[in-house]
Amino acid sequence: MKCSGEKIKNLQSYMKRKGLDACAVTDLDGVNFFSDFTFSGQGDAYLLITRKKAYCFTKQMYAADLKKKTPYLSLVGSLACEDIVKKARSLKAANCVFDAAATGYLAGKLFYKNGFKEAPGLIAEVKEVKTPLEIKRIRKACSISAKAYDIFREKLKAGISEIEAASLLEGIMTDLGGQGLAFTTIMAFGENSANPHHINSSRKLKEGEIVLMDYGCKYGGYCSDITRTFWFGKKPSAEFVKIFDIVKAAHDEALKNVKSGSAAGAAHKRVCEFFDKNGKLAKYFIHGLGHSLGTAIHEEPYLNARSAKTLGTGNIVTVEPGLYFEGKFGVRYENTVLITDKSVKILTKQ
Amino acid sequence: MPKLDADKLALIRKNIKKQGLDAFILSDYHDVKYLMGSIFNPGEVIMLIHSKGVYLTGRSLYEAPLTADFPEIKVEGCDVDRELRVVQTVRKMKLKKVGFDGLKETYHAGKIYEEAGFLNREKFLTPVRAGKTAAELKIMKDSAKILYKAYRHMLAWLEPGVTEKQAAEELESFMRKNGASGTSFKTIVAFGPNAANPHYITGRTKLKKNMPVLMDYGCVYKDYCSDITRTFWFGDTPSEEFIKIFSIVKAAHDEVVKKARCGQSGAEIDSIARNYIQAAGYGKYFTHRTGHGIGMQIHEDACLSQDNTSMPIKENYCFSVEPGIYIPGRIGVRYEDCFYMTKNGIKQIK
Numbered sequence: 000m001k002c003s004g005e006k007i008k009n010l011q012s013y014m015k016r017k018g019l020d021a022c023a024v025t026d027l028d029g030v031n032f033f034s035d036f037t038f039s040g041q042g043d044a045y046l047l048i049t050r051k052k053a054y055c056f057t058k059q060m061y062a063a064d065l066k067k068k069t070p071y072l073s074l075v076g077s078l079a080c081e082d083i084v085k086k087a088r089s090l091k092a093a094n095c096v097f098d099a100a101a102t103g104y105l106a107g108k109l110f111y112k113n114g115f116k117e118a119p120g121l122i123a124e125v126k127e128v129k130t131p132l133e134i135k136r137i138r139k140a141c142s143i144s145a146k147a148y149d150i151f152r153e154k155l156k157a158g159i160s161e162i163e164a165a166s167l168l169e170g171i172m173t174d175l176g177g178q179g180l181a182f183t184t185i186m187a188f189g190e191n192s193a194n195p196h197h198i199n200s201s202r203k204l205k206e207g208e209i210v211l212m213d214y215g216c217k218y219g220g221y222c223s224d225i226t227r228t229f230w231f232g233k234k235p236s237a238e239f240v241k242i243f244d245i246v247k248a249a250h251d252e253a254l255k256n257v258k259s260g261s262a263a264g265a266a267h268k269r270v271c272e273f274f275d276k277n278g279k280l281a282k283y284f285i286h287g288l289g290h291s292l293g294t295a296i297h298e299e300p301y302l303n304a305r306s307a308k309t310l311g312t313g314n315i316v317t318v319e320p321g322l323y324f325e326g327k328f329g330v331r332y333e334n335t336v337l338i339t340d341k342s343v344k345i346l347t348k349q
Numbered sequence: 000m001p002k003l004d005a006d007k008l009a010l011i012r013k014n015i016k017k018q019g020l021d022a023f024i025l026s027d028y029h030d031v032k033y034l035m036g037s038i039f040n041p042g043e044v045i046m047l048i049h050s051k052g053v054y055l056t057g058r059s060l061y062e063a064p065l066t067a068d069f070p071e072i073k074v075e076g077c078d079v080d081r082e083l084r085v086v087q088t089v090r091k092m093k094l095k096k097v098g099f100d101g102l103k104e105t106y107h108a109g110k111i112y113e114e115a116g117f118l119n120r121e122k123f124l125t126p127v128r129a130g131k132t133a134a135e136l137k138i139m140k141d142s143a144k145i146l147y148k149a150y151r152h153m154l155a156w157l158e159p160g161v162t163e164k165q166a167a168e169e170l171e172s173f174m175r176k177n178g179a180s181g182t183s184f185k186t187i188v189a190f191g192p193n194a195a196n197p198h199y200i201t202g203r204t205k206l207k208k209n210m211p212v213l214m215d216y217g218c219v220y221k222d223y224c225s226d227i228t229r230t231f232w233f234g235d236t237p238s239e240e241f242i243k244i245f246s247i248v249k250a251a252h253d254e255v256v257k258k259a260r261c262g263q264s265g266a267e268i269d270s271i272a273r274n275y276i277q278a279a280g281y282g283k284y285f286t287h288r289t290g291h292g293i294g295m296q297i298h299e300d301a302c303l304s305q306d307n308t309s310m311p312i313k314e315n316y317c318f319s320v321e322p323g324i325y326i327p328g329r330i331g332v333r334y335e336d337c338f339y340m341t342k343n344g345i346k347q348i349k
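Quick mapping for you: the protein sequence lines, in order, are chains R and X.
Here numbering that gives the first Met the number 0 is used: position 209 in the first sequence is 208, and no number is missing along the way.
Here numbering that gives the first Met the number 0 is used: position 77 in the second sequence is 76, and no number is missing along the way.
One chain only, chain R, in its complex shape (with noise of 0.2 Å):
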């Protein structure tokens, strides 16, 4: 896969608008992130990134590869937390900070009793504008989990446990080109759909029933994200089917204010609306309209009622909104879509 020094442009952007001179990023997740390489484990690597440049301390065994496949790295050959901030001195960087809600407790403290300020959330932040290549990734995330749908119903049959449908399911996204989870696969038979984190059991399927299934895969490190509720057997009963047109609209209704722009709290309201004016079942939404999705499963910008951020292009963000009657059932119906200028594109589209 080819590396992009992109997302290191979109903070040192960022690091610009808010006078910042230099950045330190120690965790994993991170680290991976900007420098778009996998390093196996904490502490592998540390970044160090200036407006101008991007400081990598490694390992030496990851040197040949690094300089192969990120040229926008310059490579330091140690690798503590404390030749960071020699680094960050020897630069005469003023105004050095890290994300305190992405650095680790022991390198936080180093950094911050050298005189690096906290700037929580500034990873997340800086995460939310999707760079083209993250978009290509997540595309074909989503495309090979909207793909696993049709193979896995055709494969489905009655007697199997919500435990084997997972893994079936998991399996189809493999034999697709997905690489692992996105994150722990939700398979919902009956009643267990009423409850929007169930947990996977040994509830065997029966015909005449609901399925609820929310899963995704990754792809390049990319995360996708879906759910699909449906009747397996001939005839859904009118109550599924009355519920099931409900839920599909207020997902249709919503897309319509998930645009650049719009508030992604009004987002959410709106959909608890929708459901009020539709027989008061706005009581039974009980969790967010979405979340962004990239490397994690849950990225900023939520949209839910205490979200105070507004979407705009360059967004990737799950709409999902869903009806649950307690010892019942359960609907949920969720798509991945990707936010442009004048448009919304839904990526798990079938």
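Since the hints were derived computationally from the structure, they do not count as laboratory data.
Mixed in with the good hints there might be a few duds.
Okay, derived cross-link-like pairs now, DSS-like style, lysine-lysine, Cα gap no bigger than 25 Å in a straight line [as the list claims (entries may be wrong)]:
| hint | chain 1 | residue 1 | chain 2 | residue 2 |
| --- | --- | --- | --- | --- |
| 1 | X | K122 | R | K108 |
| 2 | R | K135 | X | K185 |
| 3 | X | K185 | R | K66 |
| 4 | R | K1 | X | K185 |
| 5 | R | K68 | X | K140 |
| 6 | X | K164 | R | K66 |
| 7 | X | K164 | R | K156 |
| 8 | R | K135 | X | K164 |
| 9 | X | K185 | R | K68 |
| 10 | R | K68 | X | K164 |
| 11 | X | K185 | R | K139 |
| 12 | X | K122 | R | K58 |
| 13 | R | K112 | X | K110 |
| 14 | X | K283 | R | K58 |
| 15 | R | K116 | X | K110 |
| 16 | R | K67 | X | K122 |
| 17 | R | K1 | X | K164 |
| 18 | X | K140 | X | K342 |
| 19 | X | K185 | R | K58 |
Since the structure of chain R is provided, determine the placement of chain X on it from the hints.
Chain X only, in chain R's frame:
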């Protein structure tokens, strides 16, 4: 079905007592998974293990299913500032000495715990997770069996003209068909001199008759990793150089199997292989550690390396033994199996 593993919980409790603590905070994704199985995504829950029970605070959506499935855990939903909730709980329960792992917590969380008077106990869980329970060992053996089966399959499958990538795909698909849920790391298949890079990335080189083949691969089975490397000659008569280097590597490996003893440090065991290869005149070509700990994660703390002088390898610790010789641009040979420590030396996981 996921469950709270009583054996593992007892081991953690024992360590809490041994360290003079009343309770310990677990929040690392892998640590939580170790205790409860695959349920959560990173950063969704914090657990507090104390002498009387287990407390967990996490995303409020988990509250209902967890309460139903884990009656032995006191569950509280909390969507913001979970660390503060843990501090409150500690106060309410009047727990005095509460530990956390400064290497696993973020600066943000660690600071809150430190201000609350909690104690930093780095690597608290390392000795617990290193020593596998009987149930864990059983699964790890099953995980390893898939690899040995896959090796026999590949010997019959390989033919001139196939690429490294095709061979890796065949390996991985065979492992899945035989029960694996995925790979435990990126499969390495290296033909000819490509094997001289221990971190080679599987490419498009085609197999020809009379060249060495190196395959380093592993799978995940019921959440447990396995790992193996085989290097062999594809063709009729191995070159003299291959025979010579292979026999040194294999003998170094066997030397470890014969001489490693319970209670030795990782460095001491590493030296067994290192000294052997050195005496054979290839010391500078053995460029990595002899082995790494293995379990739910492919790389765990029980390392066989020169810098691991402080962690004695005790009963039921699991690790790889994988000496190698790499002559740049020419040839590379590695031989690897995984083992567990017993009172009377090491035993292969198979």
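Structure-based check of all given hints:
1. With a C-alpha separation of about 18 Å, the suggested pair X/K122 and R/K108 falls inside the 25 Å cut-off, and the hint holds.
2. Note on R/K135 and X/K185: the hinted pairing holds, with a Cα-Cα distance of about 21 Å set against a maximum of 25 Å.
3. Distance hint between X/K185 and R/K66 is fulfilled; the C-alpha atoms sit about 20 Å from each other, no more than 25 Å.
4. Taking the CA atoms of R/K1 and X/K185, the gap is near 16 Å; set against the 25 Å cutoff, the hint holds.
5. Distance restraint check for R/K68 and X/K140: the Cα-Cα separation of roughly 37 Å exceeds the 25 Å cut-off, and the hinted pair is therefore not satisfied.
6. This hinted pair checks out: X/K164 and R/K66 have alpha carbons roughly 23 Å apart, not beyond 25 Å.
7. Between the alpha carbons of X/K164 and R/K156 the distance comes to roughly 34 Å, so the proposed pair goes past 25 Å and is violated.
8. Using a Cα cut-off of 25 Å, the hinted pair R/K135 and X/K164 holds, with the two alpha carbons roughly 22 Å apart.
9. The straight-line distance between the Cα atoms of X/K185 and R/K68 is roughly 17 Å, inside the 25 Å bound, and the hint therefore holds.
10. About 19 Å separates the Cα atoms of R/K68 and X/K164, which keeps this hinted pair within 25 Å; it holds.
11. This hinted pair checks out: X/K185 and R/K139 have alpha carbons roughly 19 Å apart, not beyond 25 Å.
12. The suggested pairing of X/K122 with R/K58 holds, with an alpha-carbon distance near 22 Å, which does not exceed 25 Å.
13. With a C-alpha separation of about 13 Å, the suggested pairing of R/K112 with X/K110 holds against the 25 Å cut-off.
14. For the proposed pair X/K283 and R/K58, the alpha carbon gap of about 17 Å is at most 25 Å, so the pair holds.
15. Between R/K116 and X/K110 the alpha-carbon distance is near 14 Å, which keeps this suggested pair within the 25 Å criterion.
16. A distance of roughly 35 Å separates the Cα atoms of R/K67 and X/K122; the hinted pair therefore is violated under the 25 Å criterion.
17. In summary, the hint linking R/K1 to X/K164 is supported, as the alpha carbons are separated by about 16 Å, within the 25 Å threshold.
18. With a C-alpha separation of about 19 Å, the suggested pairing of X/K140 with X/K342 holds against the 25 Å cut-off.
19. Of the supplied pair hints, the one linking X/K185 and R/K58 holds, its CA atoms being roughly 19 Å apart against a limit of 25 Å.
In summary, the structure is inconsistent with hints 5, 7 and 16 from the numbered list given earlier, while agreeing with the others.
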